[in-house]
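Model the full structure from these sequences, guided by the hints.
Chains as they are written, first to last, in my numbering: chain A, 612 to 1005; chain B, 164 to 407.
If you're looking for bench data, these hints aren't it; they were derived computationally from the structure. Do not take every clue at face value.
[As the list claims (entries may be wrong)] These stretches of chain B come out as covered by chain A in the derived footprint (C-beta under 8 Å, 3 or more residues): (1) 209-222; (2) 237-248.
[As the list claims (entries may be wrong)] Pulled from the structure, derived: some chain B residues nowhere near chain A, Cβ distances all over 10 Å: (3) Met164; (4) Ala273; (5) Ala339; (6) His353; (7) Arg385; (8) Asp393.
Quick caveat: nothing in here was measured; it's all calculated off a predicted structure. For glycine and all other residues, C-beta sits at the position ideal for the given N, C-alpha and C.
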Amino acid sequence: MKPRFLIVFFKEFRETLRDKRSLWLLAVATLMYPILLGYFLNQQINRATQPEREGIALTVIGADKAPTLMAQLKQKNVTVTALPPTSDDAIETLLRGRKTVAVLRLSDSFTADYAAMRPARIELWYNSASDTDARRRDIDEIVQNYSANIAGARLLAHGVSPATMAPIKLQRYDTGSNAARSAGVIGSILGFLFFPAFICCLSAAVDSTAGERERRSLEVLMSQPAHAWELIVGKWLAAGALSVIGLTITLVLAHAILSWLPLEEIGMSWRVTSSDLALVWLASVPLSLFAAAVQIAIAMNAKSFKEAQSTLSFITFVPMIPGVAVSMLELKTATWMYLVPMLSNQTLLREIAKGEAIGSLPFVLTFASSAIAALAAVAFAAWRMKSERYVLAV
Amino acid sequence: MIEVKEVRKQFGAVQALGGVSFTARDGQITALLGPNGAGKTTLLRCLVGLLQRDHGSIAVDGVDPAVHPIAVRANIGFLTDQFGLYERLSTREYLTYFGELHGMGKQDLAARIGEVSSLLQMDDILERRSKGFSQGQRIKVAMARTLLHRPRHLLLDEPSRGLDVMSTRALRVALAALRNDGCCVIMATHVMQEVSHLCDDVIVIAKGCTVAQGSPQQLCERTGIASLEDAFVSLVGTDEGMLA
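Structure, rendered in C-alpha cells:
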C-alpha cells in the first residue's frame, strides 16, 4: 500500500499542475529574473565594448579649420563626419537622434584667433541625458591634449620648457580586481536568486490549506483514516516540490547566463563551476521545503483564503531582510550567517562566486538550518490541525 | 453497531451536547432528527473522532473513536453537510483519491467505482471534472465517496438534499440495499416523509440531549399524535419546533 502522505502528495501536485494561474506564477517567478538580469548585464557589456569595436562617431562643423585636430581624432579611432555650418536647433536634433556622440563646432573666427594666438573657441555640444558620457569624455580629452600640444610648441618657440605647464604629475593605480569589484553587484544579484523558493510554492500552499478549508472539503479529508501529519506532509511536499522546481530552473538559468556573458568586459566575474552550483543547489533544497512548510503553517491558521494570501505576500519578503541588513551594515562573512535560512544560501553562493575556498561546514549548516526549521514548521502545522479549535473552524 | 452513552461536549460556555445516548443497530436505518443547532454536527464529529467528548462513552463496533480514530474512520462512511469536491479532479480521480486513502488496491478500486457509479446512476459524470456540477451531481459524487470503501457504518447528513425525484428514489434503493447487507446507517434529515418511509428507528435530539428514541410508530404512540411531523414538534418543544 502506498503511504498516505504520498497519496495526498500526488493528488495535490496533480491539482496544482492543472491550475493555470499557479503555473503562470511559477513561470514568471522563475524565468523573469534570470532573463532580465541577463538582458541588463548584456546591455552594459555592449555599452562598455561598443567604442572599441565601432569607434566614436563625432560630427564636426568647420573641420577644415583645424586639420591637425582632425588627424589626432582619427588616430584615436574617432570617426569624423564633417558638416557645413548648422543652426543650434539642427545640432540639438542631431544629438537627440543619437547617431553621434557629440558635435564639435569651430567658431568662424577660429583661424584668425589661432593665428593671432588668442583663445580659439571650439564648442562641444553633447546630450548629458544620453548614456554616451564616457565617450564624450574621450573627445574632451583629445581636444585638451591637442590644446596642450599647441601650448607646448608655442612655449618651446619662446625658449620655455613645456614641463613648466605640468608642475604636478598625477599617476593613478587601481588595485581593485574584477572579482572584488563585482562582489557588490553579484551580491545584490544573488539576493534575488533564491527568492523563487518562496514565490513558487505560495499558491499551492494557500490553496491546499486555506483554500481547501474555504471550499469546505477539509472536514471530509480529515474524516478519512489518515493522521493529521500524513495530510500535512503530503500537502507540504507538493508545495515544496514546486518550490524546488522553481529554484532549480532559476539557478540553472542564471548560472548559464552569467557563465556565458563576457562579464570581464564590465569588470565582473562569475567563478562558479557547474559542480559548485550542484552542491549549492543540494544545500538549498531544504530552503524550498522550509518556505513551503512556513507558508502552510501560516496559511492554515488564517481565517480565510484572502487573509492567507495577503499575510503570506508580506511574509514572503521577511527572509530577504537578513540579507539586506547584512549588506547595509557591511558585515564580514561569519559562520552564524550559515544558520539563517535564505541568508545562508546567499552567503554560500556569494563566497563561491568570489572564488573563496570555504570547506564543507557552510554547506552542512546551510542544509541543516533550513531542514530543521522546515520540520519544526511541519510539526507545528500537524499539531495545529489536530487541535479542537482548528476542527471547529473547518 | 454504534453505542452512545451520556455524551457531553462543551465549547467554552456553550453546552453543545448535554447528554446524548442511543444505540444504532446493524441492519437498520436510524434517523437522527433535531432542529438546527441541536448538536447533530457535533455528535457526528465526535463519532468519527474529530472532536473529543468531555464525558460519556462511544463505541463503534466496540471501538472508541477517541482512542482509535483511524480504526473507526476506516469503517465509517461520512457524508458531511458539505460535499467536499475538488474542482480540478474528475469524479473518477476524486473517488480514486479517497479509495487510496482507505488503502484500497488498484483493481478493487476500479471495480468498486463501477459498482457505486451504477448504484447511484452517475456513469455520465464519471470522467468529468466536478466544476459546473449541479447540486444533485455533487451529492451523488459525495455519496459515492461515502460508500466506496464498503463501510459497515454510514453517517449521512441530509443525503437527499438537492436530489430530483429519480435520484431520490435511487438513493432510497441504495440505502435499502445497504440495510439488507447489515450496515448500520445513521441519517440526519429534515424530511419526515423519508423518515417514515425508510427508517426503522428514530432518535430525536434537541438542545444537545436525546429526547426520544424509537420507531416512527412508537414515537407517534408515545406522543399520542398521528403524524410524525407533529409528534416531532411536540417532542422537541413547540418553540424550537417552529424555528426548525
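Structure-based check of all given hints:
Three residues within the 8 Å Cβ limit are the bar, and the segment 209-222 of chain B against chain A gives 4, so the coverage statement holds. Taking a C-beta to C-beta cut-off of 8 Å, the segment 237-248 of chain B contributes 8 residues in contact with chain A, enough for the three needed, and the coverage statement holds. For Met164 of chain B, the non-interface assignment is confirmed: its Cβ lies about 19 Å from the closest Cβ of chain A, beyond the 10 Å cut-off. Every Cβ of chain A is farther than 10 Å from the Cβ of Ala273 of chain B; the closest lies at roughly 15 Å, confirming the non-interface assignment.
Residue placement check: Ala339 of chain B keeps its beta carbon more than 10 Å from all beta carbons of chain A (closest about 25 Å). In this structure His353 of chain B is separated from chain A by more than 10 Å, as the shortest Cβ-Cβ distance comes to about 20 Å. Distance check on Arg385 of chain B: its Cβ is at least 34 Å (rounded) from any Cβ of chain A, clearing the 10 Å threshold; non-interface status holds. Residue-level check passed: Asp393 of chain B sits 34 Å from the nearest beta carbon of chain A, beyond 10 Å.
In this structure, none of the earlier numbered hints is contradicted; all agree with it.
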